[in-house]
Each structure stands twice: as structure tokens, then as C-alpha cells.
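J.: Make a model of the complete structure from these sequences and hints.
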Amino acid sequence: MLAIDGSFLDFKQLDLLALRQTPVHRLDSRAKVLTTLCFTICVVSFDRYQISAMLPFLIYPAVLMAIGDLPFGYIMRKIVIVIPFALMIGLFNPIFDRQVLMQIGSLDIWGGWISCISILVRAILTASAAIILVAITGFPAICEALEKLKMPQTFAVQLLFLYRYIFVLTDEGVRTARARQLRTFGKRGLGIRHFGSLVGHLLLRTWERAERIHMAMLARGFAGEVHSTRRQSHFGRAELLFMSGWISLFILLRLYNAPQLLGGLFTGTLP
Amino acid sequence: MSHHIVHVKNLQHTYPDETVALRDVSFLIHHGESVGIIGANGAGKSTLLLHLNGYLSATSGEIIIGDDQLSKETLPEIRRTVGMVFQDPEDQLFMPTVYDDVAFGPLNLGLDPDEVETRVMEALQRVEAVELRNKPPYHLSGGEKKRVAIATVLSMLPEILVLDEPTNGLDPQARRQLIALLQAFHHTRIVTSHDLDMVLELCERTIVLHEGKVMADGPTLDIFNNEELLKTCRLEKPFAMQACPVCSPDKRPLVSQPPLVPPHSNKPHDHEH
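So the sequence lines, in the order shown, correspond to chains A and B. For the first sequence, position 189 (counting from the first letter as 1) is numbered 791 according to my numbering, and the numbering increases by one without interruption. For the second sequence, position 20 (counting from the first letter as 1) is numbered 31 according to my numbering, and the numbering increases by one without interruption.
To be clear, the hints were calculated from the coordinates, so they are not data collected in a lab. For each residue, glycine too, the CB sits at the ideal point set by N, CA and C. One thing to keep in mind: the hints can contain errors.
Partial selection, computed: residues in chain B whose CB lies under 10 Å from chain A [said to hold, decoys possible]:
id : residue
1  : Gly65
2  : Ala69
3  : Arg90
4  : Leu104
5  : Asp111
6  : Ala160
T.: Quick look at the structure:
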């Protein structure tokens with residue numbers, strides 16, 4: 603019934619996954635953030651008709667999922683959420699781009715179809731990398747890493763607050779939605795008009811809560827800067843190995859089309 | 012050396028929409044006293060509390076905490092002295108983990124890391140929450156959240172504890188645990204609540220607010236025995252002081268309650284929706 607309800611409870615599980623103790627969980631968060639960033643840059647910088655050269659990049663999420671002992675089905679369900687957004691972006695490509703790029707039998711494959719699939723592959727790759735990053739690092743540690751990498755503290759604090767209160771706010775939203783649902787008896791309620799006031803109320807309540815939180819911060823001596831307890835973390839040999847290994851692999855895969863090379867090896871038509 | 016008194020003199024507060032929330036409120040609370048502030052909804056309890064650590068500023072009147080009058084200069088020291096525990100622990104726990112949250116105050120005081128560590132662990136021990144230290148706040152139960160919220164304040168070593176509806180939303184056992192915890196404290200305690208049984212157990216003195224005015228200020232038992240006063244202030248005797256209506260129904264001729272449901276509502280409906 604309430605699909606949002608379920609999907610957000612699921613979100614908390616992502617947080618629990620970050621508490622696990624595996625070799626990738628133990629790595630310094632900076633190494634993981636930078637590697638994921640590099641991965642993303644490599645993937646999105648491919649040519650728009652490229653598909654095959656991107657496929658080997660799947661090795662990164664696959665390996666991390668295996669070492670990090672992450673539940674495959676759960677991560678997949680999270681990735682599925684972003685697919686509709688990616689499809690929306692690529693949807694019109696087949697209509698506008700009708701240049702025939704290849705033929706399979708008598709079937710013409712338009713460039714639009716290829717670029718649409720390419721967008722989809724990119725979305726799956728980058729979303730999986732991002733979700734896995736959160737699952738093996740934890741959101742607070744990511745913010746801390748970004749701060750250590752010289753991101754302004756204000757942004758880090760904003761992100762942390764967003765993450766902290768997303769649960770509280772969705773709870774509030776879900777409760778409001780439930781109250782509405784219980785009084786509409788399966789009909790559409792009173793339509794969009796009342797939906798507006800519902801969202802408005804939610805915004806006002808959010809505002810009030812923000813005020814109370816600020817009050818609680820002031821009461822404990824907040825003066826514009828959030829000091830945090832530094833966790834023991836250092837950038838050692840393991841981190842260096844992790845980063846240099848993956849990043850050099852990404853660069854290789856970015857420069858050479860591995861599937862094509864492999865195919866060429868078998869058919870003897872190496873360029 | 013301050014005596015940790017709380018002295019409120021002729022406090023008046025008018026909100027920007029011209030609602031008068033407090034009218035000429037005065038009282039004096041001494042070191043180590045435990046005082047309950049009770050009153051109906053909208054009596055001005057929350058407004059009063061927000062003045063005690065300077066979040067709201069008085070329209071007129073003054074507040075003296077210890078030796079300092081509340082002003083812009085004394086605000087940081089007063090906020091450390093007066094530990095404020097808010098009604099909704101969700102508002103008070105905003106850091107990623109329990110540990111970070113309890114450390115928030117001490118870090119803002121500029122203490123060195125070792126001192127912060129000892130203070131955090133001591134505060135968590137006081138509220139029996141050491142094992143929760145690495146958990147994110149949204150994974151805690153209601154009772155745990157409340158205890159951690161108290162620890163976030165204790166870590167600043169306040170002399171005065173101000174608690175807004177501390178037992179609100181707790182199950183009976185968590186409530187009992189919290190009361191026992193608060194009883195063990197030697198701080199000056201100021202508690203607002205609708206849980207009058209808790210006030211009876213915890214506070215030897217009670218201040219009754221009604222429509223922004225102090226209606227009574229005296230020993231808790233005297234106030235709860237004054238039925239006339241309670242009635243005017245839209246309050247009721249704590250359950251512990253009422254005869255049990257189940258065991259001895261005739262001993263307690265309470266005002267007969269009108270039924271909540273209209274008398275015809277249990278008839279089957281003969282029309283379709």
C-alpha cells in the first residue's frame with residue numbers, strides 16, 4: 603500500500619550495512635571516495651555511442667560487493683530506483699537520432715537506441731558505485747572524508763543534517779500520507795488542491811523542527827562551527843594500494859576497449 | 012562562587028502577534044531544589060523555559076542565574092550552567108552517532124580531546140547508555156533517546172537541569188527508569204510536565220502557572236491537595252492521590268463523565284455509504 607514507507611525503512615538498512623567489519627569497510631574513507639569519484643569520471647566521459655567499452659567497469663561494483671559482503675538483491679533493488687530517471691533522459695534519443703549505426707540482419711539500429719542504452723549503462727554503473735560507497739563507508743564518514751579533502755565545512759554539515767533528518771521527515775511525511783489515505787477510502791481524495799496544502803503543512807512542520815534543532819544546538823554552546831571528534835583513520839599502505847590499483851585499472855579500461863581487444867585476440871584481427 | 016540560584020523577577024513576555032504569554036512571573040529557586048512547573052496547555056510553561064537559557068528574551072523583567080544577570084555577555088556561561096533537555100529528543104540528537112552528540116557540547120566549550128572523552132563516557136555512564144555510543148540516534152528506542160538526550164546535557168556539567176516534559180511518550184518502564192535516574196541527580200532541577208504523578212515523586216516544590224501568571228508556589232503536596240486551585244487551573248490530582256476507582260468505586264464520586272460516543276452510534280447503520 604504505502605510504497606514509500608517500505609523503501610525508506612530499507613534506507614536504514616543501508617546505514618546498518620556500513621557498520622560491518624570487512625577489509626573494504628576498514629579502509630580510510632578518503633580512499634574510497636576518491637576511487638569512486640575517479641570511477642564515475644571515467645564512466646561518464648565515454649563517447650555517447652559507447653556501450654561495450656563500459657561493460658568491464660562492472661568489475662568494480664562486483665568486487666566491492668563481494669569483499670564488502672553486501673546483499674546482492676538489496677543493492678540491486680536500490681539501483682532499480684534510478685533506472686526510470688535515466689530512461690527519462692534517454693527516452694527521446696531514438697526519436698531524434700535516426701542515423702543508422704549498424705545493421706543486424708535487415709534490422710537498422712539507430713544511433714538513438716545505442717545512446718539511450720549507453721545512458722542506461724552509465725546510470726547503472728554510477729548508481730551502483732555510489733550506493734556501494736555508502737554501504738561500505740557510511741554517510742557520516744563520507745562527509746568527514748570530503749571535509750578532509752578540503753570541502754567547506756558548511757557543506758559537510760548540511761549534508762549530515764540532511765541525512766540525519768531525512769528519516770524524521772519521511773516519517774512525518776508517511777504519517778501525513780497515511781492519515782490522508784485512511785480518510786479517502788481508496789478514492790483519490792480531493793485531488794491536487796489538497797495535496798498542495800498537505801505539502802505546505804509538511805514544509806511548515808519542517809521549518810518548526812529546524813527552529814527547535816537550532817535551539818538545541820544553541821543551548822549546547824553552538825557558535826557556528828561544528829567540531830567533531832576525529833576518528834582514528836590514517837591513509838596507509840592499504841589505502842594507497844586500493845586507490846592506485848583501481849585507478850590504474852580504470853584508466854586502462856578507459857583508454858583501451860577491453861572487449862574489443864579480447865574479441866580481436868580470438869579472431870586474429872588485432873588493430 | 013555562585014549559589015546556582017534561579018531568580019526570575021517580574022518576567023513578562025509578549026509574542027510578536029501580541030499574545031501575552033507571561034505576566035509578571037517571579038520566583039526564586041535555590042541550589043539543589045527540585046521544582047515542578049505545572050499548568051494547562053498554553054499556560055506559558057514552554058515560554059518560561061525558553062527564557063531560562065536565553066533563547067527568548069523577556070519583554071520586561073529580569074532573570075538571574077547564579078551571580079549573573081541574563082544578558083548577551085553572560086549568555087555562553089548561562090547556557091553551560093543551565094542544561095536544557097527538550098521535549099522531543101529527536102530535536103536534541105542531531106549528530107551522526109550518540110558519542111558525537113554527547114561530545115557536541117564539550118567540544119563547543121573548547122575542551123581538549125581527552126577531557127571530552129572522559130566527560131562523554133561519564134555522562135553516558137550516568138544514564139546507563141555506554142553501549143549505545145556508536146549507534147546513530149535514529150536506531151534508538153524512545154527511552155534510550157531520552158536518556159541520551161539527558162547525557163548530551165550532563166556532559167557540559169551543568170549546575171541546573173531544565174527538563175521539558177521528560178516522561179512524554181515513554182512506556183511505563185522507561186518512565187520509571189527515567190524517574191529513578193532523575194531522583195539520583197543532585198542538580199537543581201526544574202521540570203515541566205503534565206505527568207503530575209512524576210512531579211509528585213520528583214519535586215518537593217511546585218509552581219502552578221495559569222494564563223501566564225503564577226497562581227501558586229509551594230510544597231507539592233499542599234498544591235495537589237488544593238482542589239479548588241487545581242480546578243481553576245484546569246488540572247487534576249495526581250492518580251497516586253486519588254482513591255482507586257476500580258477497587259472502591261463509591262469512594263470517589265468523580266464528576267460523571269459524558270460518554271464519548273453518541274448514544275445511537277452502536278445501532279447498525281441501515282443506509283449504505
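J.: Look at each hint and say if it fits the structure.
T.: Hint-by-hint comparison with the structure:
no., hint, verdict
1, Gly65, "holds (9 Å)"
2, Ala69, "violated (17 Å)"
3, Arg90, "holds (6 Å)"
4, Leu104, "holds (8 Å)"
5, Asp111, "holds (6 Å)"
6, Ala160, "holds (9 Å)"
Taken one by one, the earlier hints fail for this structure only at number 2.
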